[in-house]
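Novice: Line by line, the protein sequences give chains A and B.
Be aware that the first sequence starts at 1, since it is given in our numbering, and climbs by one per residue.
Be aware that the second sequence starts at 1001, since it is given in our numbering, and climbs by one per residue.
Hints may contain errors.
Unchecked claim - Lysine to any residue pairs mimicking SDA-like chemistry, simulated, CA-CA at most 20 Å apart: (1) B:K1091 <-> A:E98; (2) B:K1116 <-> A:E98; (3) B:K1083 <-> B:R1027; (4) B:K1123 <-> A:D59; (5) B:K1166 <-> A:N48.
No lab work stands behind these hints: they were computed from the structure.
Please read all numbers here as calculations on a predicted model, not as lab measurements.
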Amino acid sequence: MNTGIPLEYFLILASVMFFVGIYGFLTRRNLITILMSVELVLNSVNINFLAFNKYLFPDQFQGQFFGLIIIAVAAAEAAVAIAIIINIYRHFTTINVEDVDQMKF
Amino acid sequence: MTGNQLMFAIFGMLIIIFSILTVTSRRILRSAVFLLFVLVSTAGLYFMLNYQFLAAVQLTVYAGGIVVLIIFSILLTSHISEKFEVVGMKKQIFSGLAAIAGIILTISTILQTEFKATEVAAKEVDMEAIGLSLLNYGENGFVLPFEVISILLLAAMIAAIVIAKKGKTQKP
């Protein structure tokens, strides 16, 4: 067991990482960097699941399998997002979110 | 300060510094490499929590797969030497305020909550236990999420191929 590290430290670390991801999501203009911010957010949630599982319910598996499933969903999401980004680049020759506005009116 | 705490401090500092650099760096490839550092440090945290299997999955799928995919798409869509323009001051201030307010709210909630530590002995999480409960439908069984996630991955793979395939009508 982790002697000397309270559960709160993990939660604080994960929440700082989560909101750094949110900041990146709000300020970035490039689609790929927005995707990277989303990966930060997913990763911080994963830390939370594992820390809760280890500290509060060490005799169960739920947190761990949630973590596994989040990693799989993140992989699927990244694959689809990158396919979409490459297709957008083919149409507009840019991936800046402000220049991709064909469906706006 | 025990060794455990020292390792946690190192990983925590690495994660926070490199995640801030990931969202603020003006060169996109550097930003991807900083993201890689964040993911590897997170795998270190999983090792500290004694979840070896998840740490290995994190290293192979996240750090090995997703980051390589992101770097490939960066190379396909951007000029490496290009720098992003500086984000506008107003946008920076408001986004920063939103993020800091969120951090303060979350941390104050966390510090006010009493978490009940359990007396239950930790269960050994080895590969055999994980494999058995992934295909088990009884107590501690996770066969339904396993099947759902496999169908999701198949659908995502087909969707990615279909979307990225070059259409017949759009010639440059």
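Novice: Determine for every hint whether it applies to the structure shown.
Specialist: Right, here's what the structure says about each hint:
no.	hint	in the structure
1	B:K1091 <-> A:E98	holds, 14 Å
2	B:K1116 <-> A:E98	violated, 48 Å
3	B:K1083 <-> B:R1027	holds, 5 Å
4	B:K1123 <-> A:D59	holds, 5 Å
5	B:K1166 <-> A:N48	violated, 40 Å
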